[in-house]
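Student: Using the sequences and the accompanying hints, generate a full structural model.
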Amino acid sequence: MGGTHTTDAPLKALLGALIITAVVFLAELIAGVVSGSLALLSDAMHMLSDATGLIIALLAMLIGRRKATDRSTFGHRRVEVVAALFNAVVVTLVVVWILIQAIGRLGSGTEIDTTLMISVAVIGLLANAASALILMGQRHASLNMRGAFLHVITDMLGSVAVIVAGVVIALTGWTAADTLASLAIVALVLPRSLKLLTDSLSVLLNRVPDGIDLQEVERELLEIPHVEDIHDLHVWSTEGVNNLATCHLVIDEGHDSRCGVLDEAQERLRTFGIEHSTIQLEHRDHASHEVVCD
1 MGGTHTTDAP
11 LKALLGALII
21 TAVVFLAELI
31 AGVVSGSLAL
41 LSDAMHMLSD
51 ATGLIIALLA
61 MLIGRRKATD
71 RSTFGHRRVE
81 VVAALFNAVV
91 VTLVVVWILI
101 QAIGRLGSGT
111 EIDTTLMISV
121 AVIGLLANAA
131 SALILMGQRH
141 ASLNMRGAFL
151 HVITDMLGSV
161 AVIVAGVVIA
171 LTGWTAADTL
181 ASLAIVALVL
191 PRSLKLLTDS
201 LSVLLNRVPD
211 GIDLQEVERE
221 LLEIPHVEDI
231 HDLHVWSTEG
241 VNNLATCHLV
251 IDEGHDSRCG
261 VLDEAQERLR
271 TFGIEHSTIQ
281 LEHRDHASHE
291 VVCD
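Take the sequence shown: its letter number 235 is residue 235 in the numbering used here, and every next letter is one higher.
One or more of the hints may lead you astray.
Below, computed lysine to aspartate or glutamate pairings styled on DMTMM-like, alpha-carbon distance capped at 20 angstroms [said to hold, decoys possible]:
1. LYS67 to ASP8
2. LYS67 to GLU239
3. LYS195 to GLU239
4. LYS195 to ASP210
Just so you know, these hints were derived from the structure itself, not from any lab.
Tutor: Have a look at this one:
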(Lines of atoms letter the chains of each structure in order from A and count residues from 1; the text may use other names and numbers.)
(Lines give C-alpha, C1' and ligand atoms only; values in the text may rest on other atoms or scores of the structure.)
Protein backbone atom coordinates (compact mmCIF):
# COMPACT_ATOMS: atom_id res chain seq x y z
CA MET A 1 0.00 0.00 0.00
CA GLY A 2 2.73 2.47 1.04
CA GLY A 3 4.76 1.78 -2.11
CA THR A 4 1.77 2.42 -4.35
CA HIS A 5 1.08 5.72 -2.62
CA THR A 6 4.68 6.86 -3.11
CA THR A 7 4.63 5.89 -6.79
CA ASP A 8 1.32 7.66 -7.45
CA ALA A 9 2.26 10.88 -5.62
CA PRO A 10 4.29 12.48 -8.47
CA LEU A 11 1.56 11.58 -10.98
CA LYS A 12 -1.17 13.17 -8.85
CA ALA A 13 1.00 16.23 -8.23
CA LEU A 14 1.57 16.72 -11.98
CA LEU A 15 -2.13 16.30 -12.72
CA GLY A 16 -3.12 18.86 -10.09
CA ALA A 17 -0.55 21.36 -11.34
CA LEU A 18 -1.66 20.81 -14.94
CA ILE A 19 -5.30 21.61 -14.17
CA ILE A 20 -4.36 24.82 -12.36
CA THR A 21 -1.91 25.86 -15.09
CA ALA A 22 -4.42 25.27 -17.88
CA VAL A 23 -7.10 27.38 -16.17
CA VAL A 24 -4.71 30.26 -15.48
CA PHE A 25 -3.39 30.14 -19.06
CA LEU A 26 -6.88 30.63 -20.49
CA ALA A 27 -7.60 33.46 -18.05
CA GLU A 28 -4.33 35.27 -18.81
CA LEU A 29 -4.68 34.79 -22.56
CA ILE A 30 -8.15 36.32 -22.66
CA ALA A 31 -7.24 39.10 -20.23
CA GLY A 32 -4.00 39.86 -22.09
CA VAL A 33 -5.86 40.31 -25.39
CA VAL A 34 -8.61 42.42 -23.83
CA SER A 35 -6.32 44.59 -21.68
CA GLY A 36 -3.56 44.96 -24.29
CA SER A 37 -0.85 43.88 -21.83
CA LEU A 38 2.13 42.21 -23.48
CA ALA A 39 3.43 41.23 -20.04
CA LEU A 40 0.21 39.35 -19.35
CA LEU A 41 0.31 37.69 -22.80
CA SER A 42 3.97 36.81 -22.20
CA ASP A 43 3.08 35.17 -18.92
CA ALA A 44 0.18 33.37 -20.64
CA MET A 45 2.54 31.96 -23.28
CA HIS A 46 4.86 30.79 -20.55
CA MET A 47 1.89 29.12 -18.84
CA LEU A 48 1.05 27.43 -22.16
CA SER A 49 4.58 26.08 -22.46
CA ASP A 50 4.34 24.80 -18.88
CA ALA A 51 0.98 23.16 -19.57
CA THR A 52 2.43 21.48 -22.66
CA GLY A 53 5.41 20.33 -20.67
CA LEU A 54 3.20 18.97 -17.89
CA ILE A 55 1.09 17.01 -20.39
CA ILE A 56 4.22 15.49 -21.92
CA ALA A 57 5.59 14.83 -18.44
CA LEU A 58 2.39 12.99 -17.51
CA LEU A 59 2.54 10.82 -20.62
CA ALA A 60 6.25 10.18 -20.09
CA MET A 61 5.66 9.24 -16.46
CA LEU A 62 2.96 6.75 -17.45
CA ILE A 63 5.33 5.19 -19.99
CA GLY A 64 8.22 5.31 -17.53
CA ARG A 65 6.26 3.28 -14.98
CA ARG A 66 6.26 0.28 -17.27
CA LYS A 67 8.50 -2.53 -16.10
CA ALA A 68 11.79 -3.43 -17.73
CA THR A 69 11.57 -5.91 -20.59
CA ASP A 70 13.95 -8.09 -22.59
CA ARG A 71 14.16 -5.24 -25.11
CA SER A 72 14.31 -2.37 -22.56
CA THR A 73 16.47 -3.81 -19.81
CA PHE A 74 16.89 -0.47 -18.02
CA GLY A 75 13.16 0.20 -18.03
CA HIS A 76 11.48 3.21 -19.62
CA ARG A 77 12.22 6.11 -17.26
CA ARG A 78 14.52 7.76 -19.80
CA VAL A 79 11.33 8.72 -21.66
CA GLU A 80 10.88 11.30 -18.89
CA VAL A 81 14.26 12.80 -19.75
CA VAL A 82 13.21 13.12 -23.40
CA ALA A 83 10.04 14.86 -22.17
CA ALA A 84 12.11 17.23 -20.04
CA LEU A 85 14.30 18.01 -23.07
CA PHE A 86 11.22 18.76 -25.19
CA ASN A 87 9.83 20.95 -22.43
CA ALA A 88 13.08 22.92 -22.25
CA VAL A 89 13.14 23.47 -26.03
CA VAL A 90 9.51 24.68 -26.08
CA VAL A 91 10.09 27.10 -23.20
CA THR A 92 13.23 28.49 -24.85
CA LEU A 93 11.36 29.10 -28.12
CA VAL A 94 8.53 30.84 -26.26
CA VAL A 95 11.06 33.06 -24.48
CA VAL A 96 12.58 34.07 -27.82
CA TRP A 97 9.08 34.97 -29.09
CA ILE A 98 8.45 37.11 -26.00
CA LEU A 99 11.80 38.86 -26.48
CA ILE A 100 11.02 39.69 -30.13
CA GLN A 101 7.56 41.01 -29.21
CA ALA A 102 8.95 43.11 -26.35
CA ILE A 103 11.64 44.70 -28.52
CA GLY A 104 9.07 45.44 -31.23
CA ARG A 105 6.81 47.20 -28.73
CA LEU A 106 9.48 49.48 -27.26
CA GLY A 107 8.29 53.08 -27.53
CA SER A 108 4.89 52.17 -29.01
CA GLY A 109 2.85 53.52 -26.07
CA THR A 110 0.11 50.89 -26.36
CA GLU A 111 -2.91 51.58 -24.14
CA ILE A 112 -3.31 49.00 -21.34
CA ASP A 113 -6.25 48.12 -19.06
CA THR A 114 -4.30 47.95 -15.80
CA THR A 115 -7.27 46.91 -13.64
CA LEU A 116 -7.81 43.72 -15.66
CA MET A 117 -4.06 43.21 -16.01
CA ILE A 118 -3.42 43.34 -12.25
CA SER A 119 -6.51 41.33 -11.30
CA VAL A 120 -5.66 38.38 -13.54
CA ALA A 121 -1.98 38.52 -12.57
CA VAL A 122 -2.93 38.25 -8.89
CA ILE A 123 -5.11 35.22 -9.68
CA GLY A 124 -2.20 33.75 -11.61
CA LEU A 125 0.16 34.34 -8.68
CA LEU A 126 -2.18 32.57 -6.25
CA ALA A 127 -2.72 29.67 -8.68
CA ASN A 128 1.03 29.27 -9.26
CA ALA A 129 1.61 29.31 -5.52
CA ALA A 130 -0.90 26.46 -5.19
CA SER A 131 0.87 24.51 -7.98
CA ALA A 132 4.23 25.07 -6.31
CA LEU A 133 2.91 23.65 -3.03
CA ILE A 134 1.55 20.61 -4.88
CA LEU A 135 4.85 19.93 -6.68
CA MET A 136 7.24 20.88 -3.87
CA GLY A 137 7.24 17.49 -2.16
CA GLN A 138 7.89 15.64 -5.45
CA ARG A 139 10.47 17.94 -7.04
CA HIS A 140 13.34 15.46 -6.51
CA ALA A 141 11.44 12.43 -7.85
CA SER A 142 12.75 12.90 -11.41
CA LEU A 143 14.23 15.41 -13.85
CA ASN A 144 10.68 15.97 -15.10
CA MET A 145 9.36 16.88 -11.67
CA ARG A 146 12.30 19.18 -11.01
CA GLY A 147 11.67 20.97 -14.31
CA ALA A 148 7.95 21.32 -13.59
CA PHE A 149 8.62 22.75 -10.14
CA LEU A 150 11.19 25.25 -11.46
CA HIS A 151 8.79 26.45 -14.13
CA VAL A 152 6.00 26.98 -11.62
CA ILE A 153 8.35 29.02 -9.43
CA THR A 154 9.30 31.04 -12.52
CA ASP A 155 5.60 31.57 -13.25
CA MET A 156 5.16 32.98 -9.76
CA LEU A 157 7.98 35.46 -10.35
CA GLY A 158 6.48 36.32 -13.75
CA SER A 159 3.11 37.07 -12.13
CA VAL A 160 4.87 39.35 -9.63
CA ALA A 161 6.54 41.19 -12.55
CA VAL A 162 3.16 41.69 -14.24
CA ILE A 163 1.59 43.00 -11.01
CA VAL A 164 4.44 45.45 -10.43
CA ALA A 165 4.20 46.69 -14.04
CA GLY A 166 0.44 47.11 -13.73
CA VAL A 167 0.78 49.15 -10.54
CA VAL A 168 3.49 51.36 -12.09
CA ILE A 169 1.34 52.02 -15.19
CA ALA A 170 -1.76 52.72 -13.10
CA LEU A 171 0.11 55.25 -10.90
CA THR A 172 2.34 56.92 -13.49
CA GLY A 173 0.93 56.10 -16.93
CA TRP A 174 4.37 54.84 -18.00
CA THR A 175 3.37 51.98 -20.32
CA ALA A 176 6.99 51.02 -20.98
CA ALA A 177 6.83 49.23 -17.62
CA ASP A 178 4.77 46.52 -19.33
CA THR A 179 7.54 45.89 -21.87
CA LEU A 180 10.18 45.92 -19.15
CA ALA A 181 8.15 43.36 -17.20
CA SER A 182 8.15 41.15 -20.30
CA LEU A 183 11.93 41.44 -20.50
CA ALA A 184 12.16 40.59 -16.79
CA ILE A 185 10.14 37.43 -17.41
CA VAL A 186 12.56 36.54 -20.22
CA ALA A 187 15.49 37.05 -17.86
CA LEU A 188 13.86 34.78 -15.27
CA VAL A 189 12.81 31.99 -17.61
CA LEU A 190 15.72 31.70 -20.06
CA PRO A 191 18.45 30.60 -17.61
CA ARG A 192 16.14 27.92 -16.14
CA SER A 193 15.07 26.58 -19.52
CA LEU A 194 18.68 26.41 -20.70
CA LYS A 195 19.71 24.65 -17.46
CA LEU A 196 16.96 22.06 -17.93
CA LEU A 197 18.05 21.69 -21.57
CA THR A 198 21.69 21.04 -20.68
CA ASP A 199 20.78 18.69 -17.80
CA SER A 200 18.52 16.63 -20.06
CA LEU A 201 21.14 16.45 -22.80
CA SER A 202 23.75 15.45 -20.24
CA VAL A 203 21.63 12.47 -19.14
CA LEU A 204 20.82 11.44 -22.71
CA LEU A 205 24.53 11.58 -23.60
CA ASN A 206 25.40 9.36 -20.60
CA ARG A 207 27.68 12.02 -19.14
CA VAL A 208 28.99 11.72 -15.58
CA PRO A 209 26.32 13.20 -13.27
CA ASP A 210 26.97 16.57 -11.62
CA GLY A 211 28.62 16.30 -8.23
CA ILE A 212 30.64 13.18 -9.09
CA ASP A 213 34.38 13.48 -9.74
CA LEU A 214 35.35 10.44 -11.80
CA GLN A 215 39.04 10.74 -10.85
CA GLU A 216 38.10 10.77 -7.18
CA VAL A 217 35.97 7.65 -7.68
CA GLU A 218 38.93 5.97 -9.37
CA ARG A 219 41.28 6.92 -6.52
CA GLU A 220 38.86 5.49 -3.95
CA LEU A 221 38.63 2.17 -5.78
CA LEU A 222 42.40 1.94 -6.22
CA GLU A 223 42.84 2.31 -2.45
CA ILE A 224 41.03 -0.99 -1.86
CA PRO A 225 43.49 -3.67 -0.66
CA HIS A 226 44.60 -6.11 -3.41
CA VAL A 227 43.31 -3.83 -6.22
CA GLU A 228 46.22 -3.15 -8.60
CA ASP A 229 44.51 -1.34 -11.46
CA ILE A 230 41.16 -0.17 -12.80
CA HIS A 231 39.79 0.33 -16.30
CA ASP A 232 36.46 0.82 -18.09
CA LEU A 233 35.07 2.95 -15.27
CA HIS A 234 31.74 4.44 -16.34
CA VAL A 235 29.29 6.46 -14.23
CA TRP A 236 25.98 7.70 -15.62
CA SER A 237 22.26 8.04 -14.93
CA THR A 238 19.37 6.74 -16.99
CA GLU A 239 16.85 9.34 -15.75
CA GLY A 240 18.78 12.08 -13.93
CA VAL A 241 18.08 10.86 -10.39
CA ASN A 242 19.71 7.48 -9.74
CA ASN A 243 23.39 6.96 -10.60
CA LEU A 244 24.89 3.75 -11.98
CA ALA A 245 28.46 2.55 -12.46
CA THR A 246 30.42 -0.20 -14.18
CA CYS A 247 34.13 -0.94 -13.96
CA HIS A 248 36.82 -3.62 -14.17
CA LEU A 249 39.10 -4.04 -11.14
CA VAL A 250 42.41 -5.83 -11.61
CA ILE A 251 43.34 -7.68 -8.41
CA ASP A 252 46.63 -9.35 -7.48
CA GLU A 253 47.18 -12.96 -8.49
CA GLY A 254 47.51 -14.31 -4.95
CA HIS A 255 44.19 -12.95 -3.71
CA ASP A 256 41.28 -15.36 -3.81
CA SER A 257 38.73 -13.60 -1.59
CA ARG A 258 36.98 -11.76 -4.37
CA CYS A 259 33.82 -11.20 -2.33
CA GLY A 260 35.72 -8.95 0.08
CA VAL A 261 37.00 -6.74 -2.74
CA LEU A 262 33.58 -6.61 -4.36
CA ASP A 263 31.82 -5.67 -1.12
CA GLU A 264 34.36 -2.93 -0.39
CA ALA A 265 34.11 -1.53 -3.93
CA GLN A 266 30.32 -1.35 -3.82
CA GLU A 267 30.43 0.26 -0.37
CA ARG A 268 32.85 2.95 -1.58
CA LEU A 269 30.70 3.65 -4.64
CA ARG A 270 27.70 4.20 -2.36
CA THR A 271 29.52 7.11 -0.73
CA PHE A 272 29.25 8.84 -4.13
CA GLY A 273 25.52 8.15 -4.33
CA ILE A 274 25.97 5.17 -6.65
CA GLU A 275 23.65 2.44 -5.39
CA HIS A 276 23.68 0.20 -8.46
CA SER A 277 27.03 -0.99 -9.80
CA THR A 278 28.38 -3.79 -11.97
CA ILE A 279 31.99 -4.68 -11.20
CA GLN A 280 34.18 -7.22 -12.96
CA LEU A 281 37.14 -8.60 -10.99
CA GLU A 282 40.03 -9.97 -13.01
CA HIS A 283 43.77 -10.79 -12.94
CA ARG A 284 46.35 -9.16 -15.19
CA ASP A 285 46.63 -12.24 -17.40
CA HIS A 286 43.04 -11.58 -18.45
CA ALA A 287 44.12 -8.41 -20.31
CA SER A 288 44.70 -10.31 -23.56
CA HIS A 289 40.99 -11.17 -23.63
CA GLU A 290 39.84 -7.58 -23.04
CA VAL A 291 38.75 -4.86 -25.44
CA VAL A 292 39.19 -1.75 -23.32
CA CYS A 293 36.85 1.15 -24.03
CA ASP A 294 38.47 4.56 -24.56
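Student: Of all the hints numbered above, which does this structure not satisfy? Sort the numbers upward.
Tutor: Of the numbered hints given earlier, the structure breaks none, since each of them holds.
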